[in-house]
Amino acid sequence: MNPLETLRTSISAILSRKMRSGLTMLGILIGVAAVMLTVGLGQGAQQAVASEIDSLGSNLLVVTPGSSTSSNGVRGGFGSATTLTLADANLLADQNNCPDISAVAPIMSSSQSVTSATSNWTTSLIGTTPGWLPVRARTVTSGRFFTSQESSDGATVAVIGTTTASELFTGSPVGQSVTVNGTTFTIIGELNTAGSSIAGNQDDTLLIPISTFAERIASSAQVGSVSSIYLEASGQSTLSAAYQEAQQALDTAHGTTADAADFSIASQASLVQTATSTSRTLTVLLGGIAAISLLVGGIGVMNIMLVSVTERIREIGLRKALGATPAVIMRQFLTEASLLGLIGGTLGVIVGVIGARLLPGVISQPVSVSPVATVGALLVSLLIGIIAGVYPASRAARLAPIDALRME
Amino acid sequence: MLTQGGDSRVIEGLDREPIVDLDEIRKTYSAGSVAVEALRGVSLRVDVGEYLAITGPSGSGKSTLMHIIGCLDVPTSGTYLLSGQDVSTMTERELAHVRNRRIGFVFQQFNLLASLTALRNVELPLVYAGVPAADRARRALEALDAVGLGDRVDHRPGQLSGGQQQRVSVARALVNDPDLILADEPTGNLDSVATRDVLALFDELHASGHTIVLITHEHDVAARSGRQVSVRDGLLVLGEGIGNLTLSTGVRG
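Chains A and B are the protein sequences, given in the same order.
Position one of the first sequence corresponds to residue 1 (my numbering), numbered consecutively onward.
Position one of the second sequence corresponds to residue 1 (my numbering), numbered consecutively onward.
A hint or two may mislead.
[As the list claims (entries may be wrong)] Some residues of chain A that are not near chain B, with every Cβ distance over 12 Å (derived):
hint: 1; residue: Glu-5
hint: 2; residue: Thr-162
hint: 3; residue: Ala-241
hint: 4; residue: Leu-286
hint: 5; residue: Glu-315
hint: 6; residue: Ala-321
hint: 7; residue: Leu-339
hint: 8; residue: Leu-342
hint: 9; residue: Leu-379
hint: 10; residue: Tyr-391
hint: 11; residue: Ala-400
[Stated by the list, open to error] Output of the computed footprint for chain A on chain B, the stretches with three or more beta carbons under 8 Å from beta carbons of chain A:
hint: 12; region: 72-78
hint: 13; region: 92-103
hint: 14; region: 121-131
Because the hints were derived from the structure by calculation, they are not lab data.
Note that CB positions come from ideal geometry on N, CA and C, so glycine has one too.
Please construct the entire structure, taking both the sequences and the accompanying hints into account.
As structure tokens, then:
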């Protein structure tokens with residue numbers, strides 16, 4: 001019996017039991033698609049977090065103040081202290097102290113109501129220096145960013161994010177003015193669109209010179225301190241050198257040691273690590289659920305195949321009586337089981353890929369297609385189908401033809 | 001050598017080996033702790049061109065005997081020479097080959113595959129013989145024509161009457177041109193008209209030189225054969241209805 005004939009026999013056997021074949025393939029389909037989508041969901045989340053942190057800027061270090069301890073011994077949260085100052089930022093910007101730091105952007109920020117001629121909008125108001133632009137890997141699409149001169153002189157100019165701009169103005173925002181906390185600012189530039197990140201909508205912001213922020217916006221508690229300092233290392237290879245230079249310079253300035261510093265420095269890599277480890281836990285959890293669903297689906301497939309083969313022991317006996325060797329019988333059932341597994345698995349992959357495309361629109365979560373999960377799920381379901389189909393068939397093929405024929 | 005019936009080839013003295021030569025065949029089934037002896041030492045020869053009927057009440061062991069003759073089952077002890085070849089030395093592969101090329105089966109239950117057309121059912125032995133597709137269809141059509149079902153080739157078993165289904169299974173038994181046709185109660189599930197048709201078919205096959213061994217418990221069916229032997233309690237007894245059956249050739253031991 002040649003392979004073509006075996007294939008033909010298998011196909012006609014599958015077609016003659018449409019319901020059962022359909023259910024078997026459905027079990028495999030659901031198993032494969034479920035594994036693909038759940039693992040894809042976890043991985044998509046992981047990648048999204050990583051790319052969001054990437055979008056913060058490359059070779060980034062973030063210096064944040066340590067926690068404050070009040071006079072009665074109550075220790076505040078990290079970042080609550082006011083130990084970082086503009087002087088610290090200037091220290092870090094000094095190329096003699098820190099040759100591997102290429103850009104520095106001190107940040108003061110608060111949520112403020114911004115008023116234009118026609119409407120008002122609450123946004124994240126950030127006081128910073130021109131270093132902000134390279135550090136955050138952003139650009140200005142129209143107009144310009146404020147200069148170092150404006151930054152230190154307390155000029156009343158502002159650069160606006162696209163979301164804020166569209167909330168406040170109908171046309172181009174450049175040249176218009178807004179009022180914040182009683183001070184009128186002239187919009188001199190508009191930022192490029194960066195999208196949303198874990199830190200919120202990066203386009204909903206208004207940037208003003210840091211000295212202006214300190215003079216006109218900052219609360220009394222904030223005065224003189226900055227909420228964080230963004231540093232950019234001159235390159236990937238100098239990141240750790242930049243980290244150490246910053247640590248040393250600030251320790252010296254604050255009179256602290258690395259063990260008891262009143263500030264902390266986080267690298268982008270450590271941010272990525274923290275964030276992705278969370279979503280990796282999610283992926284493992286989802287993958288575990290998917291594996292269980294594949295297993296349950298596999299047991300269903302096994303059940304159907306087992307019943308199907310048991311029902312056909314008489315057929316096996318007859319085929320043997322007509323001259324089929326056990327090997328031919330085995331090949332037929334192997335082909336049948338593989339075909340069912342392959343068709344069901346392929347359909348599962350198709351459903352998985354389509355699902356990975358459609359799902360983000362429904363649940364607004366990115367779903368990536370993982371080749372490892374896809375191939376793994378496909379192989380496992382194929383294996384389950386083949387074992388479940390071939391094992392009982394091999395037992396039946398070894399029976400004396402008459403024993404198989406007598407089987408009811 | 002004395003023979004019974006009208007086998008011209010044997011009468012002409014051609015010294016041919018018998019197709020079937022059973023010697024002291026025993027078959028024991030173990031049903032749980034109880035061993036059941038279905039055959040208790042059967043010796044039987046079937047010559048080329050013979051039409052032999054094996055009769056006996058149900059449970060006598062006649063079906064077991066046929067299954068052993070047809071290589072569907074193996075004896076517990078005794079030797080079985082099929083055209084001179086010892087079946088007990090054959091591998092599973094060789095046995096499959098024997099069932100495929102040298103023996104054609106007709107079952108009481110027809111045993112047609114319900115999902116296949118009459119033509120595909122008849123083609124099955126040719127498929128396992130490795131006959132090319134075009135050849136296969138031609139030979140299967142010829143066999144179906146021979147049993148008078150040339151116009152029913154595309155019907156599935158469910159669309160055919162019992163008699164027609166049995167004729168399909170006769171066509172399937174014939175298609176590989178076997179040395180021996182074995183029929184196990186071929187008329188057991190048929191009405192009298194269909195029975196007459198199928199028996200007429202066997203008469204034709206016998207007349208054209210085929211060797212037929214038929215199992216039945218109906219006397220009028222057995223009467224159509226050239227020779228009868230009877231099985232009682234796992235042993236062969238003298239043929240019924242034919243007085244001049246010669247013990248030394250037909251039944252030994």
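Each hint, compared with the structure:
no.: 1; hint: Glu-5; verdict: violated, 6 Å
no.: 2; hint: Thr-162; verdict: holds, 66 Å
no.: 3; hint: Ala-241; verdict: holds, 76 Å
no.: 4; hint: Leu-286; verdict: holds, 42 Å
no.: 5; hint: Glu-315; verdict: violated, 6 Å
no.: 6; hint: Ala-321; verdict: violated, 6 Å
no.: 7; hint: Leu-339; verdict: holds, 16 Å
no.: 8; hint: Leu-342; verdict: holds, 21 Å
no.: 9; hint: Leu-379; verdict: holds, 30 Å
no.: 10; hint: Tyr-391; verdict: holds, 19 Å
no.: 11; hint: Ala-400; verdict: violated, 5 Å
no.: 12; hint: 72-78; verdict: holds (count 3)
no.: 13; hint: 92-103; verdict: holds (count 7)
no.: 14; hint: 121-131; verdict: holds (count 6)
The earlier numbered hints that this structure contradicts are 1, 5, 6 and 11.
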